[in-house]
Structures are given as structure tokens and as C-alpha cells.
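Enquirer: Read top to bottom, the protein sequences are chains W and D.
Reminder that position 720 of the first sequence reads as 751 in my numbering, one-by-one numbering, no gaps.
Reminder that position 84 of the second sequence reads as 92 in my numbering, one-by-one numbering, no gaps.
Be aware that a few hints might be false.
Some, not all, of what chain W presents toward chain D, calculated at C-beta under 10 Å [as the list claims (entries may be wrong)]: (1) 116; (2) 265; (3) 319; (4) 390; (5) 392; (6) 442; (7) 445; (8) 494; (9) 674; (10) 681; (11) 685; (12) 719.
Some chain D residues judged to face chain W by a derived CB distance under 8 Å, without partners named [unchecked claim]: (13) 21; (14) 24; (15) 35; (16) 38; (17) 50; (18) 100; (19) 104; (20) 129; (21) 134; (22) 145.
The calculated DSSO-like cross-link candidates involving lysine-lysine, where the alpha carbons are at most 30 Å apart (straight line), are [to be verified]: (23) 98(D) to 152(D); (24) 61(D) to 617(W); (25) 98(D) to 617(W); (26) 238(W) to 98(D); (27) 61(D) to 98(D); (28) 298(W) to 464(W); (29) 602(W) to 617(W); (30) 529(W) to 158(W); (31) 464(W) to 158(W).
Simulated from the structure, these hints should not be mistaken for lab results.
Positions of the beta carbon are idealized from the N, C-alpha and C atoms, including for glycine.
Residues per chain are reported as follows:
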Amino acid sequence: MHNKETVMISRRLFLVKSMVAGAGLTLGMALPGCSREEAAQESLPEAGPGKAGGAVVAESHFAPNAFVRIGADDRVTVIIKHLEMGQGTYTGLATLVAEELDAAWSQIEVEGAPADANTYNNLFWGKLQGTGGSTAIANSYEQMRNAGAAARHMLVAAAARQWQVPAADIDVQDGVLRHAASGRQATFGTLAELAAQEAVPETVFLKDPEEFRLIGTRVPRKDSRAKVNGSALFTQDVQLPGMLTALVVHPPRFGARLKDFDASKAKQVPGVVEVVGIPAGVAVLANDFWSAKKGRDALQVEWDETDAFMLGSAELVAQYRALADTPGSSVRNDGDAGSALQSARQTLQTTLAFPYLAHAALEPMNCVMQRTPDGVEVWNGEQYQTPDQQAVAGVFGIAPEQVKINMLYAGGSFGRRANPHSDYLVETATIVKAIGGRAPVKLVRTREDDMRAGYYRPLYVHKIEAGLDAAGNPVAWHHRIVGQSIAADTAFEGALIKDGVDVTSVEGVSNLPYAIPNINVELHSPVHPVPVQWWRSVGSTHTAFAVETFIDRLAAAAGRDPVVFRRALLKAHPRHLGVMELAADKAGWGSPLAPARGRGIAVHESFNSYVAQVAEVTVHADKTFSVDRVVIAVDCGIAVNPDVVRAQMEGGMAFGLAAALNSELTLEQGRVVQSNFHDYRVLRIDEMPEVEVHIVTSTQPPTGVGEPATPVIAPAVANALSAATGQWFDRLPLQLSV
Amino acid sequence: MLTLTINGAEHRLDVDPDMPLLWAIRDHAGLTGTKYGCGMSQCGACTVHLDGKAVRSCVTPVSAAAGKSVTTIEGLDSAAGRALQAAWEKLDVVQCGYCQSGQIMSAVDLLTRNPDPTDSDITTALSGNICRCGTYVRIRAAIKAASRALG
Ligand code: FES
Ligand code: FES
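Pulled out of the complex, with its shape left as it was, chain D reads as follows (with noise of 0.2 Å):
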């Protein structure tokens, strides 16, 4: 038994400590925002948060996460978190959207170290998830967007 706080809630699951995180939260805690896109940390969409920081939770194991706190996209409420929501929906970002969860959680880190990025701080930041669609012009939009609502 391992016990992970998600979103604040206890989950106590009985799991592997060598599964990753990723699958912890879809298969046992049934939080589904978070998507598997490759399991080796190249496209970005199981971007969640562990203590506030982003990571790849297809490749950290649950045990290294028991003891943290654990934020999904199902979980964001920080200013950086909403504003950056509100924008994605202004500017209609999605296509697809199964890569947007990852997105978002990638760019709430950008914001929190970093109110106000530059082009290349966001290309930096954003570099590690992979949109298929193609949605890159707006991710940037909506991340400035985002930036000036905070102020």
C-alpha cells in the first residue's frame, strides 16, 4: 500500500512502487486528464505537478511520488493555473486536445518561476510536449495572453 495526495485528496493504492506515477492516476486513482502519449518522457501530455514542479509522470515511479503532492489538470487552481485556462479557451487552442492537459500543466510551471516569459523562455519551457495538431501559434498566444492577465 502507497499513499499519494492528489489534488489534496488521500489515495491509498495498492501498486507496484515501479509503476509510474501516470498510470497510479489513470488506472487507480481514475483521474483521466492526464494522457499517455509515449511513456518515455518525449511528448509532454502526462505533464503533472509533484510538489509544485512539473514533471513527466510517465517516467517517475509512484514510490518517488508517496509523500509529495501531487497536482492534475482535474486539480489546478492556482492563479496561474486559471488564467492560463481562461486564455486557452479565449483563444480556442485545442484541436484534438489530447495533448492540452500537458500543455497547460507545462505552461502553469512557466508561469509560476516566470510571470513574464520571453519568446524563447516559452520556447524552452514548451519544448518537451508535443503537439500533433500543430496548435504551437496559439499555445504562445494564450501564454502571453495569460501573462498579461496576471499582470
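Just chain W, with the same shape it has in the complex (with noise of 0.2 Å):
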């Protein structure tokens, strides 16, 4: 330990008021919404997020802010705005409150806090709560540790008082208050009840990061347990008195509209209880799931598809290709690049397409959902907490704050959960609306019903010319983008559209990090009823992949090596060149490889984190091809938790992978043909390759994990492969020619 006169010197005073205050402080009160979550509790088994470890935190004696509530049995609740969805965020706030709070990592435990915009918004996107774009420690960092600081100010002041000695003599560590000189000690619990009557600071002092003791060190998951028993509460596993499991028959194409059905043979199902038409299509309604399913086989549907979407993949592929021919909206334009590449040496040109993509999270989209005296009652693993609430209020025409909103874990999300439209919380609110409220109902989607009834990554074409000069340093990067725009018509519009440009459609190219004189990107977005969203790492999905191949491409007319021909383009960026130089080292860059085998090395910023794969695949004789090694370095500042970091780093690049190696999803006709996992296909574990991670030592501000890795696995591949077999690549999945 520090002496205390060093640590009270060295730490940052920070605003408790910006960070904390909004929260209204309630000294002494049980949040807004516990009350209601432990009715919810009644009737739900125990050890959903909302209670992790399964235990009713015992009355609640000091809760200094919104964050944080401290029981007389030494339990501290860390209150958590974020979705957990298998990134880790609950263990990774948590982890920022006990840090400045001194409390041992056993006695924290987790909850998911209700809906509330003023209090749970995300600080990035002004009054909203919700998750995504990998911001749930960035944007927590110092809110969360502030939160701690607070409660942890409030229990030396109680203890100083009591104990009649100078709070600055009192020490913390682990749940415990010291006073050496008197020998006096107690722990968090005894002192709760005194705490809550101190007053809330106004300032309080924050660590350095030479101070922590819990921040960058591998604490354990909060939700490990609870998820290896299968206690684990998601969505798919609620169970309310009288409620009715709802599966819902859509349109066989985007844009259809239902003209008629016949529920005569469903009803005769055993079990049905209900047949409703809503706006997307038929629900059946039914006691369990079973029967809900079989009486929707037995539903017989018509659909007026007038309005219908008719095209195929390969139709709208053709479509974008012609279009990238032509002038799209001005992304960025440095330089000329038309007069730069009428004079270059050589030019190279390639055009390349990016299928549909399905989320495909292992739960699929469902949601719980109630009407009370009071308004409505959710049980969901909301990533949009907020917006959802909105449009459920809207659904039924009432107050936003009428919504409750009950979270709990979400099998994988990868984005889905937060959809713009709060398309299945919609759905699930006119059925019970349909029903006039009177049982609670449990949308389930099947497997089918998930892969088809909307929501993909755009299909997106990409033109790509460049110039090099007679020294082989490329002059000139002319770059077109066509793709659906995932923001137009959301809410998102006015933050994400600038000039008629989606940021998300261009991320990863509108700021190429290359020094090249002459920059030109433009981008087309057609727009069509295919319904699109963003999906893990959104824009760079594909503009990693078009950059970082192509850039391959052009050391390799330029007779450089990969790594070479990058360091001397990223001279200005110098935690791109980190990254790369960590994971070209570690992969052993440069040393030989057996025959039939490839390295490939790519690297891409996204989110404000900086990661470089390099992966080694061998080619087989029949044309196949394995990925057998992926070496991964990192720079997200300070890894909060270096081996949640790691699981990212390893199931974010797997994500990507499934894309580079299988996944696709394809319209004909306007019917999406793949339906389940054995033609939409994932990453299974034998194909998973061996992983390192490397983790860039820094002492900047947390950025984010849970999406970086995705998009520079495929074109390390497609680097790799390319060196085995002189191939180049201008698709996704990838192929090797025969």
C-alpha cells in the first residue's frame, strides 16, 4: 500500500455532481425498481442477471447513488446499466466500482438496473440508455468509479465520526475500515446504516492507474457460476402464471401483408388457446410451445405481395455493381485521385461483394411481456432499453415510464437486440394488445423464424481503384461503397447521417489510416425492404476486409512485403503500427513456412481499439483450406479485465471467422433461402483455430473489446491464403478457385 499521504496527493479529483449526481441520490432508499423487481421475482426462478448468484440481497441499508447499494450483511450490489450478453460487462463495472470502493472482489454481486434514461443512458449517446458499439466500459469508466469513490467516501466519513479519529487516517482494503493507530476495524455492512446519513460528496478522488489493485488484473466473472449450472435466467426461459407462448407466421417476403387466414385447424390443436392477426403477420397462441408450434403448421395464411421485394442476391449484387460505376454521394476527397491515377505508374482495380449476413445468436429473438394495473411489464435482455420502452408505450398508448422493463441475460445478441425498430418488442406488444391484455405472453421465435424474419447485415458491393508511383508508394485510393443504410428511417437518422452519408456504411474507409496523397470515397445507398442492421463491428465488417486485402494487393505489384509495405504508410499512427508490429513479431513474420501454407497479417481500428491478426492457413490437396493459427495484439488502453479482453479477442475474431469461412445469406426471388444451422453455417470447434492474444500495455482510457476483433480475421485469411496460392479474393465467404 501507498502511504496515505501519497495517494490522497496523486489521486485526480473528479466532479461527483457531472458523474453521479443526475442520478438524484437516495441516502438511504432502496432504488427506484427494486421493489418491482423483486415482485417480478415471485414468480421467476432465482439467478437472472437481476440477482445474480441467485441470492435476494438482504435490506438494503446504504445506497449513496444509483450504482451502488450496500447491505448490512457486507453485500455490495453493484447496480449495472449495460447488457450482459456474453461480453463481460457486468464483471467489467463491477470490477471499476470495487476498485475505488476497496471492496473484495467475493462480496460484490451484480444486478441489471431498470429502465431510466435520466439515470442509466449511456454517456455517449446522450439521453438513451442502451448498449452497443463496444462503449460499455468506455463510457462507464469514470461514472462507475465515481460511483465507488462516492460510497467509499461516505463509509471513512461514518467510521471517522464513530470512531472520533481523522478520516484521512482511516484505511480501506478489501471491505474492511482500518484505523492503525487505535487497532479500530469494521467492514462495509456494519457501517451501511451510519454511512447513508453522512453526506454525499460533492468531489471525491479517483486512483491513479499505478494504484489499482482490481482494474487490469483477472478477476472472475460474476455470471460464470449461474452459467455453468444452468441457473442462468434469459428470456426463453420465463415462466408467468397463465401465460401463453406466441409464435408468429410472417410474410414469406419483406414488404408482403396478410389479406386472409383460415385458424379453424389451429384451434383444433390441443393447447391452442388463440389465432390473431397483427401487423407482422399471424400469431398463435398457446400453453406451451409445443402446441403453439403445431397449431401454427396447421395455420393456413394468405398474403397480398404486391408491395412485395422480389430481387435475389445475385439480382441486387449485379445492380450494385453497376451502380459503384457511377459517381455516389462524397465521403471524403483528399487530394485528386482521378488525375493521380490517370498519372501513376500502374493501377489496380478490383471490385468486391459482401453477402447478407444473419446474426444468428444461439437464443433466438423472443421477449416476455405482461399488461398490469399500472401499465406494462417486460422480461427481456434489452440492449435498448429506452427506445424499447418508447415503443412499447407506443404500441399501447401509454406513458414511456409506464413500461418496466425487467432485464435479464441475452443469449448473444451481436447487435440484434438492438434494433432500431424494437421490431420483436413491437410484435410482441401487439399480440398482447390483440389479446386485450389478458395473459402474459411469451413471443418465441424458432430457429426458422429468426434466420428469416428479417434483420441483416446489408449485402454491400465495393469498388476499389489505386495508383502506385514509379517507386512503388501508392499515389491514389479511389474507393466506392453500395450498401443499404442501416440508419435511414431509425431514430439514429439525424446522429448517423451526414451530407446523405451513413457513417456506418463507410467506417474503416472514410478514416483510411494509410498515407496516401490523393483520397477519394464515395458511397451509394439504395433503398429497398430487405430490413438491415448493424451487426458485430457494422461498417468495418466489410471495409477491413475491401482495405486491408487490397492493400496486400498493392505490396505485392509493389514487390514489398506486407509488413513492410504497411509500416511505411503508417508512420502517422502510431497504435496501428503498435498493434502490428506486436503481432508480426509474436507470429514469427518472416520465418518460413512448410509448403501449401500461408501467413497473413491485417490490422484495423474500430470502436477507438487497435487490433492486428496475423493467421496461418495450409491449403489442401482437394482445395480446401484450414486456418490453423491466429496470433491477435490488442491496444484498447487500460484492459480493465485483461482475460475478458482475451475472451473477446478469441470469440470476436471466431465471429468473423464463421463469415470469412461460411456464413452467408441469400435471397432469391426475395425469399431468404438459408433456414437453420445446417445451410447458414457458424464456426463449430473444428474449425477453430489456435489463439494468441497480446495485449499492448497502455495506460489511456478503456476502449472497446467486444467488437474489434471481428473484422480482421478474414482479411488476415484471405492475406494468408493469397501467399499459399497467389489467389486473390473479391468475396465473402471465402473460396479457393479449383
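Take the two lone chains and join them into the complex the hints point to.
Expert: As C-alpha cells, then:
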């Protein structure tokens, strides 16, 4: 331990008011939302994230702010405003509080926050509570530490008052306050009631990074136990008394409408209770899943396909390729790429195609909703709490505050549960409304529904032309992107569409880091009814591949090694360079490989984190290939929990690898071809390479880790295959030509 | 009426004999640790043990389980089961967690048959279990750790 004097001096002063006070400090009172969570809990199995570990926290004695509650039993409950969907946010945010509180990790419990745009908003997003863009740790970094520090301050003040000693002489460690001179000590729990009477501090001191004892270390995940013994509660698991399970038949094509349906056979299926038409299609409600499914199979539905989308992916790619030959909206224009291309010694050109992709979280979309005397209650793994609250309120014509949300774990999301149209919540709400709210409803999507009811990573075409001078240096880069806008016609339009350019369509190219004097980037955003949405790492899912594979082509044309070539062009970007050098070094870049093997590198920044990956592949005699080893280097600022960072690098890479190798959602005459995991292939254990993760040591504030590993693997693998075969790749998933 | 023995307890269930065992376990016996992911034997999320052997409960009619002993994640108490759950927790294998009941049930089946599996044994035994979060590196490591712990 540092001596106290030094600690006090080196701690930076932070204003609590700006970070925590907006929460409405409610000393000694239970938080808004707790009582209703407890009420809801009565009918639910234990151990959802609302009550991690399964225990209901004892009477709350000390709640200095909206994020921390300390019970007389020494348990510290951290209220988490973000969704835990696997990325480790419950662990990460709790670590921030525990650090500044000087609590023992074992006494920390976590609880999902109720929806509240004023108290629990994402600080990067204004008055909106939601999780996404790999922002959970980054936006909460000081807020949660402030919350912990404020609680610590009040506990120390209470001890000082009771022991009649100066607060500065009190040490706190692992949940115990000590006064060395008098030998007095007390735990958080015994001081909780007294601390609640202390004034909430206006300012607190936060630790300097060198004083951290939890941040930067591996503390165990808070959700592991419940997830290995089957007690973790997902939306799929909610059972309420009298609850009906609803399955919906959706139109066979996007844009088609319900014309008529005949429910007579469906209603004869035992267990089926009701069949109702809703805007999204027809809902069959039954006492259990199986009856609802049999009922739905027996249903006869007619659709009006007048406005239905009838094109296939192949036609879309052809249309987009034609568009890519015409000028689009200007995204970035440095110098004069047109003239520079004309005067270049050598020019290269490519057109690339990327398919629609489904998120295919292992828990298909679902939602539980109930009309209550006060409004509506929702149980869901909520990624957009307050927009969803508004959308549901809109269906019932009630105020958003009348929609109570109970947070559950999400069985993956990858962006899907952050739907800007609140699609599956609105669908559930319309069903509850259609039955007059007389029973709680669990909407369940089968895997087939989940895959075919829409919301995909858009299909994209990129066209790139670049020129090299006589010395092999790139002098011009002209890049056109064609693909639907995700933000158009959503509440995010104002924030994300600037001068006709959806920034999420072009991120990764608009900020191309390579030192090329003439850069021109353009965008076309065709409009049609195929529903699109952000998919783990959003624009980078396609831009990183386009840029990083084309850089390798330029390097080859210049006769340079891909690492040497990049090094010369990234001089102004030390963090890109840092991860590239680290990955190359750890992977043994340049060391010889056996025949039919190849090594490829890619480096990309997304969500303010920098990731480089080196992939090693083997090409087999039958023209199949395997990815054997992946070395990942990441710079995400301070790694709050290095093991969680590693897990996100492994898993994020695996998610991108699935799209590089196998995943592809195609339309034929407007219908989605794929339906389940046999034809929409995702990564299995036999395709998982060996993975090594190296984290750059940093004192910069933490940035996201949920997404940045995903976009880097496809270009790294493609570049490795190119190195092994000489073939260049212009589409995903990757295919070797025979 | 159909009698199922799940985790040693008898459940008398009034269900359609065609109903997949998965839904009998989840909707009627109220044990929700066993998950639905695909309904067609593609993902392994629904893996349970029937007389000690791993089966996909989403494609097993409940009638086929009558008179047999069903074990779900909630009832796992074999030495292999405990060792695997401990290794899973120690290595923080889980991310979203949705696949993990099924992964563990498949791993228990493997270690029960083959206490010292090779990498390729692990690959074969677990290739029917999808983890969309990509926790495969740790699944493999946890199975090896549990195998070592069991001696
Ligand atoms: S739900 Fe049974 S294998 Fe997927
Ligand atoms: S942990 Fe999410 S699917 Fe495996």
C-alpha cells in the first residue's frame, strides 16, 4: 500500500455531481425499480442477472447513488446499466466500482438496472439507455469509479465520526475499514447504516492507474457459476402464471402483407388458445411451445404480395456493381485521386461483394410481456432499454415510464437486440394488445423465424482503384461503396447520417489510415425493403476486408512485404503500428513456412481500439483450407480485465471467421434461402484455430473490445491464402478457385 | 399421462407423445437449464443424458424417454460433471452462456466414455455443439483441465 499522504496527493479530483448526481441521490432508500424487481422475482426462477448468484439482497441499508447498494450483510450490489450478452460487462463495470470502493471482489454482486434514460443512459449517447458500439466500459469508466469512490468516502466519514479519528487516517482494503493507531476496524456492512447518514460528497478522488489492485487483473466473471449450472435466467426461460407462448407466421417476402387467414384447423390443436392477426403476420397463442408450433403448422394464411420485394442476391449484386461504376455521395476527398490515377505508373482495380449476414445469436429473439394495472411489464435481455420502452408504450398509448423492464441475460446478440425499430418487442406488444392484455405472452421465434424474419448485415459491393508511383508508393485510392443504409428511417438518422452519408456504411474507409496523398471515397445507399441492422463491428465487417486485402495487392504489385509496406504508410498512426509490429513479432512474421501454408496480416481500428491479426493457413490437395493459428494483438487502452479482453478477442475473431469461411444469407426471388444452422453455417470447434492474444500495455482510458477483433480475421485469412496460392479474393465467404 | 424420471425425480406429464423431450423438460417439468437453439439436432444446446448417454432432446420424442432416466444440467452430479463445471468456472469459459449447458452435457458424455481424450476426440465429441460466442479455445482447455483433475 502507498502511504496515505501520497495516495491523497496522487489521486485526481473528480466532480461527483456531473457523473453521479444526475442519478438523484437517495440516501438510505431502496432504488427505484428494486421493489418491482423483487415483485417480479416472486414468479421467476432465481439467479437471473437481476439477482446474480441467486440471492435476494437483504434489506438495503446504504445506497449512496444509483449504482451501489451496501447491505448490513456486507454484500455490495452494483447496479449495471448495460446488457450482459456475453461480453463481460457485468464483471467489468462491477470491477470499476469495486476498485474505487476498495471492496473485496467476493462481496460484489451485480444486478441489471431498470430502464431510466436520466439515470442509466449511455453517456456517449445522450439521454438514451442502451448498449452497443463497444462503449459499455468506455462510457462508464469514470462514472462507475466515481460511484464506488463516493460510497467509500461516505463509509470512511462514518467510521471517522464513530471512532472520533481523522478520516485521512483510515485505510480501506477488501471491504474492511481500519484505523491503524487505535486498532479499530469495521466492515462495510456494519457501517452501512451510519454511512447512509453522511453527506454525499461533491467531489471524490479517483486512483491513479498505478494504484489499481483490481483493474488490470483477472477477477473471475460474475456470471460464470449461474451459466455453468443452468440457473442463469434468459428471456427464453421466463415462466409466468397463465402465460401463453406465441409463435408468429411472418410473410414469405419482405414487404408482403397479410390478406386473410383460416385458423379453424389451428384452433383444433390441443393447447392452442387463440389465433390473432397482427401487423407482422398471424400469431398463434398456446399453453406451451409445442402446441403453438403445431397450431402454427396447421394455420392457412394468404398474403398480399403487391409490394413484396422480389429480387435475389445475385440481381442485387449485379445492380450494385452497375451503381459502383457511377459517382456517389462524397465521403472523403483528399487531393485529386482522378488525376493521380491517370498519372500513376501502375493502377490496380477490384470489385468486391459481401452477402447479407444473419446475427444468429444462439438464443433466438424472444420477449415476455404482460399488461398490468399500471402499464406494461417486460422481461427481456434488453439492449436498447429506453428506445424499446418508448416503442412498447407507443403500441399501448401509454407513457414510457409505465413500461417496466426486467433485465435478463441475453443469449448473444451481436447487435441484433439493439434493433432501431424495436421489432420483436413491438411484435410482442401487438400480440398482448390483440388479446386485450388478458394473459402474459412469451413471443418465441424458432431458429427458422429468427433467420428469415429479417434484420441482416446489409449486402455490399465495393469498387476500389488505386495507383502506385514508379517507386511503388501508393499515390491514389478511389473507393466506392454500395449498400443499404442502416440508420435511414430510424431515430438514429440525425446522429448517423451526415450530408447524405451513413457513417456506419463507410467507417473503416472514411478514416483510411494509410498515408496516400489522393483519396476519394463515395457512397451509394440504395433503398429497398430488406430489413438491415448493425452486426458486430458494423461497417468494419466489410470495409476492413476491402482495405486490408487491397493493401496486400498493392504491396505485391510494389514487390514489398506486406508488413514493410504497411509500416511505411502508417508512420502517423503509432497505435496501428504498435499492434501490427506486436502481432508480426509474436507470430514469427518472415520465418519460413512449409509448402502449401501461408501467413497473412491485417490491422484495423474500430471503436477506438486497434487490432492486428496474423493468420496461418494450410491449403489442402482438394482445394479446401484450414486456418491453423491466429495471433492477435490489441490496444484497447487500459485492459480493465485482461482475461475478458482475451475472451472477446478469441470470440470476436471466431465470429468474424465464421463469416470468412461459411456464413452467407441469400435471397432468391425475394425469399430467404437459408433457415437453420445446416445451411447458414457458423463456426464449430473443428474450425477454431489455435489463438494467441497479446495486449498492448497502456495507460490510456479503456476502449471497446466486444467488436474490434471481428473484422480483422477475414482479411488476415484471405491474405494468408493469397500468400499460399497467389489467388486474390473478391468476395466473402472465401472460396479457393479449383 | 406419461411418467418421466428427470434428475431422479418422477414427473407425471400430460403431454403429446410426439412432443420433443426438450419442451417437456422446459415447459412442463419447468427445468430451463436445457436450451432451445435450432430444433433440428444442429446446435447441441438441448443436450441431455438419457440413461447416461448424450442425446439431442429437441429431436427425441418425449415418449422415447418414458421409463428411462433423464439427466439435465441441473441434475449433473457425477464426478466428471462436477470436475467439468469446476473447470468451466475456473477458466471462465462462458460468454453469453446460452450454449454452455449443452457443451457441458456433451463434455460429460465424452469424459465418461473416454477419461483422457485427445484433441481430436474432443473435436469429434463437441463438433455438434455450436457456440456462437466462439468460446471453443476455452471449452477445449476446460475439458483437458477436468480430465487432468479426474486423474
Ligand atoms: S436445439 Fe437441439 S440440437 Fe439445437
Ligand atoms: S457462450 Fe454464447 S453461444 Fe456459447
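Enquirer: Confirm or reject each hint.
Expert: We went through each hint and held it up to the structure:
no.	hint	result
1	116	6 Å, holds
2	265	6 Å, holds
3	319	4 Å, holds
4	390	9 Å, holds
5	392	6 Å, holds
6	442	3 Å, holds
7	445	8 Å, holds
8	494	32 Å, violated
9	674	6 Å, holds
10	681	5 Å, holds
11	685	3 Å, holds
12	719	4 Å, holds
13	21	11 Å, violated
14	24	7 Å, holds
15	35	4 Å, holds
16	38	7 Å, holds
17	50	4 Å, holds
18	100	5 Å, holds
19	104	3 Å, holds
20	129	12 Å, violated
21	134	5 Å, holds
22	145	5 Å, holds
23	98(D) to 152(D)	13 Å, holds
24	61(D) to 617(W)	43 Å, violated
25	98(D) to 617(W)	27 Å, holds
26	238(W) to 98(D)	29 Å, holds
27	61(D) to 98(D)	26 Å, holds
28	298(W) to 464(W)	20 Å, holds
29	602(W) to 617(W)	21 Å, holds
30	529(W) to 158(W)	21 Å, holds
31	464(W) to 158(W)	28 Å, holds
The structure does not agree with the numbered hints 8, 13, 20, 24 stated previously, though it agrees with the rest.
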